[in-house]
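Novice: From first to last, the protein sequence lines stand for chains A and B. Read in order, the letters of the first sequence correspond to residues 2 to 222 in this note's numbering. Read in order, the letters of the second sequence correspond to residues 61 to 563 in this note's numbering.
A hint or two may mislead.
Stated by the list, open to error - As a list, the in silico SDA-like pairs of lysine to any residue whose alpha-carbon atoms are at most 25 angstroms apart:
no. : chain 1 : residue 1 : chain 2 : residue 2
1   : B       : K279      : B       : R404
2   : B       : K109      : A       : D56
3   : B       : K109      : A       : D48
4   : B       : K274      : A       : T111
If you're looking for bench data, these hints aren't it; they were derived computationally from the structure. Here the structure is a predicted model, which means the values were calculated and not measured.
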Amino acid sequence: MSSRDRILGRVRRALAGVPRDDTPYEQAVPRDYQRRHGERSAAETVDLLAENLVDYRAVVHRCDAAGLPALIAHLLGERDSTGVLVPPGLDEAWLSATAVQQVADRADATPGELDRVDSVVTGCAVAIAETGTIVLDGSPDQGRRRVTLVPDHHICVVRVPEQVVSSVPEALERLTPAHPLTWISGPSATSDIELDRVEGVHGPRCLEVVLVSGARPARLA
Amino acid sequence: MSTTDLGMPGLPPPGRPEFPPFPEAAHDAVRDERLRGNLRHATHTIRAKRARAVAEVSDWAELREAGRRIKDHALRHLDRYLVRVEEAVTAAGGTVHWAADAEEANRIVAGLVKATGEREVVKVKSMATQEIGLNEALEAEGIRAYETDLAELIVQLGKDRPSHILVPAIHRNRGEIRDIFRSEMSEWGRPAPADLTDTPAELAEAARLHLREKFLRAKVGISGANFVVAETGTLVVVESEGNGRMCLTLPETLISVVGIEKIVPTWRDLEVFLQTLPRSSTAERMNPYTSMWTGTTDGDGPRVFHLVLLDNGRTDTLADEVGRQALRCIRCSACLNVCPVYERAGGHAYGSVYPGPIGAILSPQLRGTRSAIDASLPYASSLCGACYEVCPVAIDIPEVLVHLRERVAQGGEVTRGGNRVVLRPARGHGAERVAMRAARWAFGHPGALRGGQRLAARVRRFRPRTLPGPGRAWTGTRDLPALPAEPFRDWWQRTHGGEEEEK
Chain A
2 MSSRDRILGR VRRALAGVPR DDTPYEQAVP RDYQRRHGER SAAETVDLLA
52 ENLVDYRAVV HRCDAAGLPA LIAHLLGERD STGVLVPPGL DEAWLSATAV
102 QQVADRADAT PGELDRVDSV VTGCAVAIAE TGTIVLDGSP DQGRRRVTLV
152 PDHHICVVRV PEQVVSSVPE ALERLTPAHP LTWISGPSAT SDIELDRVEG
202 VHGPRCLEVV LVSGARPARL A
Chain B
61 MSTTDLGMPG LPPPGRPEFP PFPEAAHDAV RDERLRGNLR HATHTIRAKR
111 ARAVAEVSDW AELREAGRRI KDHALRHLDR YLVRVEEAVT AAGGTVHWAA
161 DAEEANRIVA GLVKATGERE VVKVKSMATQ EIGLNEALEA EGIRAYETDL
211 AELIVQLGKD RPSHILVPAI HRNRGEIRDI FRSEMSEWGR PAPADLTDTP
261 AELAEAARLH LREKFLRAKV GISGANFVVA ETGTLVVVES EGNGRMCLTL
311 PETLISVVGI EKIVPTWRDL EVFLQTLPRS STAERMNPYT SMWTGTTDGD
361 GPRVFHLVLL DNGRTDTLAD EVGRQALRCI RCSACLNVCP VYERAGGHAY
411 GSVYPGPIGA ILSPQLRGTR SAIDASLPYA SSLCGACYEV CPVAIDIPEV
461 LVHLRERVAQ GGEVTRGGNR VVLRPARGHG AERVAMRAAR WAFGHPGALR
511 GGQRLAARVR RFRPRTLPGP GRAWTGTRDL PALPAEPFRD WWQRTHGGEE
561 EEK
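Chain A extracted, bound-state conformation:
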């Protein structure tokens, strides 16, 4: 007997005494919890996102589409970055004002090569106001997961208000499970020393989130 059959057999025997219940799943679980906590205008939702991002030590900036290239150039300059990783589908205009060397993410680039690049600039799939979370889904303006992991400085651009939702339930609705997803709430942190939160372990230690209004949607692949 295969272990598959053995385990499934054990499960069925263990459940033999449980009365059959064919209630459809949608009705079996009461979902009396809220879709979002409180009603807010679009602008208030963006404000809450900014507040919660800051609470978990992300650095938040706001600008309009016209000001974005200059802001990104300024942020890279502030960090003395010598190189910036560029996902394949990033809006070229975003990096039009910086002289920092742009490094394209090649498919065969080793983790060691990525480790020598200081910064990365990406878009995002959705941002969650209540938890201060940005979610990446590997779309062309975000690149594959490793580009936002190995460099120590991540600049993430969120188009507001259209990419911002209030809550976790609203975010899951917008996401595609088949895509590799990374949910980011502040820079890398740990609570492993005396259960006290310390920022900065393996992921990017500096997370800067730019809330940009009036930007055009990302280019499709």
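Add chain B to chain A, keeping to what the hints say.
Specialist: Positioned in the frame of chain A, the structure of chain B alone reads:
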């Protein structure tokens, strides 16, 4: 706590020496003042924070109830959902393996690692791989497993055992961690900086540098998972440091060992647990990083993905009507942080990778109650109920503890390795059984009860401080209750309380 010797032959978990029963193990821990201090500081810090994080959401009770129902539903249709997981993961490019026990899971993983030709792996913190002793099994096959979670690293470098589900090195303070890093890191790779101090930021930086070279060269990653979505075949890992992202993203091969109880039916179900888990575990609105992946993705992350579905006592637990609710556990560790027994005894006394209240009901069910430690765990509680109160999936831990005590004391039918067996009552509980039988008889014979109570009241001056014979163990840690001058029933009669009631 009674120190009754249960006299059962011990069955040590694979690769480990036999653990002493809980009271014996806790005996030393409660006298270790540094350990007590470390635990008190850490658990009290997190308790207050958790309460604040939970108070932030007005619908906590509804989220908790939904979480309970989702998990119960998944468990009650587990055969169906297991098959669905297999289909979905396979369709997304993964390979699914089934492991009935720890030995089989270790054999599968070791075989998969060897097939890659690699001799080292990087690991994300995972309770399932701790439970099966995977690192030791890999070591025996000549494969080195590097733990990459900061607390797991501290435990591994210190040749120590984990003592907390979320923060396995909770028993270590910053000074001890600095000493371990200084003396041990060079054995495993990049040494700690010579001038390392005990500030948490510097310790985190030392871990970052030490592990970076391992992440960058790793070809095989091993993980567990917090959730597996049956509908989509998606695995979810919730973490803080980014070591999880490293292990899940950079290697070419990823092997995830996941207990069969981790399944949730639908994608939408994550909306409940992604709200309750971070607030219950690290007391955050959201943990810094959550990774979700479905099979493999071209050009992004590992090209090969293996999912090992682990039973190892879970189906036996599922067969127990009362005890099966322990399988709802999402490993948040809130119950440890509020437990007065855990706070004083520490995690090591529980003799298992699952310490605290949840461990006291999980270990004896996953492993059976034949060893001294497992038979003593259901008694490692004052039944105060704080654990039930904070549990985000509403596991009634005191109910299961009492149920397991009954089984240890009285024996009865249980499932072990998929087979129904009848446990004999444990030795050492004989006096308790005699006392209970006597009580049952007395309560059924009012005349005898009244006579006995009057006699006891009259000779109450001679009440001993400790009981003789087999009762000695009981009074060794308890005071005998004081006897009243007049039995309650006599007082009731005398004050006409009974008559008024009858009108």
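Novice: Hint by hint, say whether it matches the structure.
Specialist: Taking the hints in turn, this is what the structure says about them:
| no. | hint | in the structure |
| --- | --- | --- |
| 1 | B/K279 <-> B/R404 | violated (42 angstroms) |
| 2 | B/K109 <-> A/D56 | holds (14 angstroms) |
| 3 | B/K109 <-> A/D48 | holds (24 angstroms) |
| 4 | B/K274 <-> A/T111 | holds (13 angstroms) |
When each numbered hint is compared with the structure, a violation occurs for hint 1 only.
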